[in-house]
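*Asks:* Assemble chain C onto chain W, guided by the hints.
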Amino acid sequence: MLFNSLEFALFIPVVFILYWFITNKNLKLQNFFLLVASYFFYGWWDWRFLFLIFFSTCVDYLVGLKIGQSKEDKSRKIFLWVSLFVNLGLLGIFKYYNFFADSFVDAFSFFGVSFESARLNIILPVGISFYTFQTLSYTIDIYKERIKPTTDFIAFAAFISFFPQLVAGPIERASNLLPQFLKKRVFEYDKAVDGMRQILWGLFKKMVIADNSASLVDALLNSPDQSGSTVVLAVIFFTFQVYGDFSGYSDIAIGTARLMGFNLMQNFAAPYFSTNMTDFYRKWHISLSTWIRDYIYTPLGLRLRHLNRSYGYIIVFLITFTLFGFWHGANWTFIVFGIIQGIILSYEYRSRKMRKKVKAAVNKKAYLFISGILTYAVWCFSCLIFRAESMSHAISMLDSVFSLSLFSFPEFNGKKLALTTTIFIVLFMTVEWFGKNEQYAIGGLPLKFKRPLRWFFYITLVAVIFMYAGEKQEFVYFQF
Amino acid sequence: MERSIIFQKVKEIFNDTLDEIEVDLTDTTTADDVEEWDSITHIELISEIENRFNFRMSIREIENLKNLGDMISLIESKVEVSQ
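So the sequences go chain by chain: W and C. Going by the numbering used here, the first sequence wraps up at 480, each residue one higher than the last. Going by the numbering used here, the second sequence wraps up at 83, each residue one higher than the last.
With the rest of the complex left out, here is chain W (with noise of 0.2 Å):
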């Protein structure tokens, strides 16, 4: 069921409804209809993959449990690596095996051996990248001793499949949620209208930005002039339908959970101002880049930390990252994303002391305001490789990009439409700006504007919906 539907538009009161007036007497009843209601919300998709989430969940409930009680270190690691083995597998299975077969035949052709294609007919089970990854830090969690098995099955699944963040995230930790379900939630007025306000800018950021965003990149794309101010201006788009996209739906995830009393972790936190890479990361897709933080990058650079002081910690970015790029999805452009970013972020990290000196020498605003210019460029330069369909594909457009036509006159249907999405990216970006320091831009309004002003912005920001929201598209990261 997608959020921006009518389905979810009535699923969402009557589940309201029955959450906090029929079944709030009793906490483990009240879990297990989230538990039915998450169900019937994924599988509205496809039902047959209810079956992969419940087998995962009962895994790791097991594997959780089993940890708990071992004494010995090696009984722990056993159980750790079967926790691992499951669902790495079968996210190896549904999301990776085509592009190893493919790639392995496509090695031996080049050397002149010829294999059959072994392709599976599989199709990728919706957001099975981002519950398996916090299905993971469950028992990875435990076999560290930071938190304790949970013996509520029930509580458990429901933790598992929670229908705000099932299919693209928050990746939620079991320390922050887990114990969310064990405790009686009360029904605090505030915060479901704060769970509403989010919702509403969540819609605006993917009906009017990401929306129309995307058909101004896929009609710059598909115009026959393919110049260099084309592409440019496609990536820059794309730049904001990949924001608003996936921002928006968190912010969406984050509202609804809120509206069920709900906690989850911030997911972006204004990335568009960073002023470095390295910044960037902190603000984009949080709850990943923390994930990968605890789980690959801070181990694995702990393990190498003795490797060689120059370069050891490039090795350290580029598998990182490597892997990051790789969690969007198997294909090369994904592949070589991550690397560009593991190559940025070891400059930055070479550089860092360097940058500090000119940051103190120089004029703090211009140097902030051109380091926000220059990131976002490495920005735009990232996400073409990471829009393309193809390596060929991007390297054609690079090669556009570095020529002549980039300063001839972009080409395409649909310059009306670039108009007004431009007006309502640059009041967007505005919002955006001055709520900066909220949880979500709008968070802190009702400390800023009293009520009238309040549901004066809200109105115009549902009629801006209806008036201006783009074809409606499934959100960009229900693929990876």
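None of these hints come from the bench; they were simulated from the model. Because the structure is a prediction, the values reported are computed rather than measured.
Derived lysine to aspartate or glutamate pairs resembling EDC-like cross-links, with alpha carbons at most 16 Å apart:
1) K356/W / D19/C
2) K472/W / E7/W
3) K74/W / E145/W
4) K71/W / E145/W
5) K356/W / E20/C
6) K353/W / D38/C
7) K144/W / E61/C
8) K356/W / E35/C
9) K436/W / D279/W
10) K283/W / D38/C
11) K359/W / E20/C
12) K353/W / E35/C
13) K353/W / E22/C
14) K183/W / D152/W
15) K66/C / D32/C
16) K353/W / E44/C
17) K356/W / E22/C
18) K356/W / D16/C
19) K356/W / E36/C
20) K353/W / E36/C
21) K359/W / D19/C
22) K77/W / E145/W
23) K357/W / E36/C
24) K9/C / E50/C
25) K357/W / D16/C
26) K353/W / D16/C
27) K357/W / E22/C
28) K357/W / E20/C
Just a sample of chain C residues kept apart from chain W, beta carbon distances all over 12 Å, derived:
29) M1
30) E12
31) D24
32) T26
33) D27
34) T28
35) S77
Idealized CB from N, CA, C, for every residue including glycine.
*Replies:* Just chain C now, with coordinates in the frame of chain W:
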């Protein structure tokens, strides 16, 4: 080695690695208090401390550190053992 001497040496390491930080380092200082002390510089700090005091920490020991005081205590215990 006395705790105060260890503390002094650790401060030097922090200042070298993180480049002249402005925050006053105390026992209760955590990475949240120091802008430059992040997941990336943390690894370099650990390996610098190990090199200068000439000992090794296990992954578990590193993961259990809660603040700077913990780190000093760990160094103290390791250096005592090796002396």
